[in-house]
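> What follows is the residue order along each chain.
Protein chains: 2
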Amino acid sequence: SDDESLSPWKWIWDVWKFAQEDTNRVTFSLKVGLACLLVSLLILFRAPYQVFGVNIIWSILTVAIMFEYTVGATFNRGFNRALGSLLAGIIAIVVIQVAMSTGRFAEPYVIGLSIFVIGALTSFMKLWPSLVPYEYGFRVILFTYCLIVVSGYRMGNPIRTAMDRLYSIAIGGLLAVLVNVLIFPIWAGEQLHKELVKTFTCVADSLEECVKKYLSDDGSNRPEFAKAVMDEFSDEPAFRKCKAALNSSTKFDSLANSAKWEPPHGRFKHFFYPWEEYVKVGAVLRHCAYEVMALHGCLHSEIQAPYNLRCTFQSEILDATNKAAELLRSLGKDVSNMKHSLQTTLLKRVHSSIVRLQRSIDMHSYLLTSNHDYHDCPAKPAAKPLKTLSFNPKDFSDCLTEPDANKVEPNTPLTMAVQAESYHETMKKQQRRLHSWPSREVDDFEEDGAIDAELIPRMRALESTTALSLSTFTSLLIEFVARLDHLVEAVDKLAKMANFKQECTS
Amino acid sequence: SDDESLSPWKWIWDVWKFAQEDTNRVTFSLKVGLACLLVSLLILFRAPYQVFGVNIIWSILTVAIMFEYTVGATFNRGFNRALGSLLAGIIAIVVIQVAMSTGRFAEPYVIGLSIFVIGALTSFMKLWPSLVPYEYGFRVILFTYCLIVVSGYRMGNPIRTAMDRLYSIAIGGLLAVLVNVLIFPIWAGEQLHKELVKTFTCVADSLEECVKKYLSDDGSNRPEFAKAVMDEFSDEPAFRKCKAALNSSTKFDSLANSAKWEPPHGRFKHFFYPWEEYVKVGAVLRHCAYEVMALHGCLHSEIQAPYNLRCTFQSEILDATNKAAELLRSLGKDVSNMKHSLQTTLLKRVHSSIVRLQRSIDMHSYLLTSNHDYHDCPAKPAAKPLKTLSFNPKDFSDCLTEPDANKVEPNTPLTMAVQAESYHETMKKQQRRLHSWPSREVDDFEEDGAIDAELIPRMRALESTTALSLSTFTSLLIEFVARLDHLVEAVDKLAKMANFKQECTS
Chain A
1 SDDESLSPWK WIWDVWKFAQ EDTNRVTFSL KVGLACLLVS LLILFRAPYQ
51 VFGVNIIWSI LTVAIMFEYT VGATFNRGFN RALGSLLAGI IAIVVIQVAM
101 STGRFAEPYV IGLSIFVIGA LTSFMKLWPS LVPYEYGFRV ILFTYCLIVV
151 SGYRMGNPIR TAMDRLYSIA IGGLLAVLVN VLIFPIWAGE QLHKELVKTF
201 TCVADSLEEC VKKYLSDDGS NRPEFAKAVM DEFSDEPAFR KCKAALNSST
251 KFDSLANSAK WEPPHGRFKH FFYPWEEYVK VGAVLRHCAY EVMALHGCLH
301 SEIQAPYNLR CTFQSEILDA TNKAAELLRS LGKDVSNMKH SLQTTLLKRV
351 HSSIVRLQRS IDMHSYLLTS NHDYHDCPAK PAAKPLKTLS FNPKDFSDCL
401 TEPDANKVEP NTPLTMAVQA ESYHETMKKQ QRRLHSWPSR EVDDFEEDGA
451 IDAELIPRMR ALESTTALSL STFTSLLIEF VARLDHLVEA VDKLAKMANF
501 KQECTS
Chain B
1001 SDDESLSPWK WIWDVWKFAQ EDTNRVTFSL KVGLACLLVS LLILFRAPYQ
1051 VFGVNIIWSI LTVAIMFEYT VGATFNRGFN RALGSLLAGI IAIVVIQVAM
1101 STGRFAEPYV IGLSIFVIGA LTSFMKLWPS LVPYEYGFRV ILFTYCLIVV
1151 SGYRMGNPIR TAMDRLYSIA IGGLLAVLVN VLIFPIWAGE QLHKELVKTF
1201 TCVADSLEEC VKKYLSDDGS NRPEFAKAVM DEFSDEPAFR KCKAALNSST
1251 KFDSLANSAK WEPPHGRFKH FFYPWEEYVK VGAVLRHCAY EVMALHGCLH
1301 SEIQAPYNLR CTFQSEILDA TNKAAELLRS LGKDVSNMKH SLQTTLLKRV
1351 HSSIVRLQRS IDMHSYLLTS NHDYHDCPAK PAAKPLKTLS FNPKDFSDCL
1401 TEPDANKVEP NTPLTMAVQA ESYHETMKKQ QRRLHSWPSR EVDDFEEDGA
1451 IDAELIPRMR ALESTTALSL STFTSLLIEF VARLDHLVEA VDKLAKMANF
1501 KQECTS
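Chains A and B, in that order, are what the protein sequence lines are. Position one of the first sequence corresponds to residue 1 (this note's numbering), numbered consecutively onward. Position one of the second sequence corresponds to residue 1001 (this note's numbering), numbered consecutively onward.
Because the hints were derived from the structure by calculation, they are not lab data. We put the beta carbon where it would ideally sit given N, CA and C, even for glycine. It is possible that some hints are incorrect.
Claimed, not checked - Residues from chain B that keep clear of chain A, each with C-beta distances beyond 10 Å, as calculated:
#: 1; residue: LEU1044
#: 2; residue: TYR1069
#: 3; residue: ASP1164
#: 4; residue: VAL1177
#: 5; residue: GLU1208
#: 6; residue: HIS1340
#: 7; residue: MET1497
As the list claims (entries may be wrong) - Cβ-to-Cβ under 10 Å is the rule here; a few derived chain A residues that face chain B:
#: 8; residue: LEU86
#: 9; residue: HIS296
#: 10; residue: GLN314
#: 11; residue: LEU318
#: 12; residue: LEU468
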């Protein structure tokens, strides 16, 4: 019961933190309260009520339905509502005139038919892909039309009803817009700007996180299988954010869509501010983030390059990663500060670090192919392959400390055979642990009895694949860097179109 | 003017095709029309109007706002509307009692304050992440509360008003539900089922498309740079669909969310049908599709393996791809027919085709490393590397038909030098064309004058990277196949939980 008595405090604490995380949330809530209060005053006071009559309640409905989080979204919704009501009003007046001219008997049939047609037509139109954003407008047309026509038929003087209602809606809409714009406005443009900057940081963070984990992963604490499917690891907060960023294309679109409705404000001073460019930069950034996803797939792949091999290229990989992340952060900072600085220095540094990585891979490329080269061609440096090639030091020392293997003198054919045997033993063990995918089949083969004939070449193949997994990782990293060029270009274009402050620092 | 007279026909034709593509769209539209007509009859006929009075217009509003595309969504929205109205009604009645007990003078202040508090509270709550799906419910609470309290204050007898309105809303809601369920119902569950099956086909198609394009791409008709950023290629319809599938996680979620509200229907006969499993299979499928995205990134990467090298592994890559696509399609077909068949045979075939690919890569792994091995170690087969290594035959023949190179006799040191020169010339050309990313720097280096000292090792590095790009492609393909295991598992679990028909065909 002590826990339960604590839980409301915990709950209040959660709510407090939620509010503190983004104080706009509280601002928004209070603004809605205020708008509702103001519109209610129209009815609570006697004077306005006497002018507009019962229809004034429509202004309450309008405020409650129109008030959106951002200024742009409110404008957009207001536009939908206004145009929808207007269209509905016009259609209603025309239809009522037609219906009345058909005489008392036919009137309800004409009205009924028109309601059916309008209902079907608006519903069909709002499914049309390019009209989907105006879904709300079509709903407004439908119910406003029905209300005007039906209550007009029943209560008489439909045009008067329609006009009164339109006035009420206009009052409600105006009030919602005024409260939304004049009192601590929350601009969609500002939100979009911040969202883009945040995405830059997300991608940079998750790139660093992924590479760091890849280089430090010695295979000892591999998580289970099922977890890998769902892509959820508690020690990868940045990745989760990056994945969320990948799914945020709809958010970008809707924010940009709202921002277009907003007048110049704050830092975004000129008309026709290029919000579309924000969406484009976001798309290129997502394009880069796909590469991070692939790197992450490599990190959690069942086929893994041995730890030693990864260590060989550690400094180059780390260097390239850090430079790339630095460039990303610098771009994000530029966008954030609305500065336009040429990133050539950083870009050059990233490129040269990638060239170093490529060169290092080239120099050590013999490590990436399986060790039959080593047997075929003894002219090559002999020390390295055995030490760094394809298995963990732990496994290697395991088989070295095997009593049988230690007693025999080195370099005799027997030792070679034993070593080869235990080597393949090790490989098999490693294969079990790391490459779980063909496990069923391997078991099948073992039961067959054709182990030696079948298994050894397959081990070789797997071994080669494991080493090549490192080259996959670096290739993806290189591809990521290649995409940064597009990103720099896109940010450049944004900076030019949005008139960012020119700076020639780098 | 001839074009303009044709355009309405074109427009009608488009609409016709849009309707034919999914006849449910027409059904839905006609149903909305019917529902609106039925609810209007309540007012057009005198009898019901006399019972319910003016408040009957609320049933029209309810139908127009509640009627959604699928049965589940309509239920969900109806639930929001009903619970919201009920809560608003209860709160309103309590507050009105309190306000009336405070006396005539304080009453408007209490009402005003309560409106402010309810407005702020509902707006804050609907921002809370776990309450976001009930956003509409909070809106309903807000405006229903305001309407009841305010019109009650002004018009007297608030409880009577509230009850009349709730009856009207109930009538409207019931009508919307009845029309939606009884007349050609569109089930969210059915949609989700179809959507999942479609995604299987999408992933299989785009995998095949991507691999086919990769193997047939000889670098001759490379699209421009800017296009590659936006991931839009006219000859890749399947990829576009696959990308859309990647962004469809919200669609899956909302369909599953709606499907949970639906009673057993059609093929989905038992209660508590595991719609959540559909979402999970969809997630694993997306997880596979990320790998296809990476393959596609490889296809349009600026760093490309030479065509010849790709041809070397063509049959193995094609075989693995076809087997994987076959498995995907077979899984999709099983889900579509609600059958549960063990896919072990197909899975084994995919695995063995991947093993063949791995073995082939292992056997030809010397092709993947740069050719200084070839110079260092002449014991290796000498014919292959030069022919298949790192440049296109076209480029090679270009430099062979150069007059200077042809006149000199082969095998003299001079020829070697010239060949090396023209080889690096070729490499540079190829680098320009294929790896545009370091182009700025290459130009910088050329102007420096330190060309030979710097460029040749860099060419080597790039050359090695180009060859390794093939290994990246195959690694990604292998990783894709590895993920198919999870997919088979997920489909298995779905089949068990949803009681698919057992079949022991394979």
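> With reference to the structure, classify each hint as holding or not holding.
Each hint tested on the structure:
Against the 10 Å criterion, LEU1044/B falls within the reach of chain A, whose nearest CB is about 5 Å from its own CB. Not every C-beta of chain A lies more than 10 Å from that of TYR1069/B, the closest at about 8 Å, which undercuts listing it as non-interface. Non-interface call for ASP1164/B relative to chain A: holds, since the shortest CB-CB distance, roughly 14 Å, exceeds 10 Å. The claim that VAL1177/B lies off the interface holds: its Cβ sits roughly 16 Å from the closest Cβ of chain A, which is beyond the 10 Å cut-off.
Listed as outside the interface, GLU1208/B is consistent with that label: its C-beta sits roughly 20 Å from the nearest C-beta of chain A, beyond the 10 Å cut-off. With a least CB separation of 19 Å from chain A, HIS1340/B remains clear of the 10 Å interface cut-off, as annotated. Annotated as non-interface, MET1497/B keeps its C-beta farther than 10 Å from every C-beta of chain A; the closest such distance is 16 Å. Taking 10 Å as the C-beta contact cut-off toward chain B, the hint placing LEU86/A at the interface is violated, the least distance being around 17 Å.
Interface restraint check: HIS296/A against chain B, minimum CB-CB distance 9 Å, threshold 10 Å, status holds. Interface hint status for GLN314/A: violated, as the beta-carbon distance to the closest one in chain B is roughly 18 Å, over 10 Å. Interface hint status for LEU318/A: violated, as the beta-carbon distance to the closest one in chain B is roughly 18 Å, over 10 Å. With its C-beta approaching chain B no nearer than about 4 Å, LEU468/A sits inside the 10 Å limit, and its interface hint holds.
When held up to the earlier numbered hints, the structure conflicts with 1, 2, 8, 10, 11 and fits the remainder.
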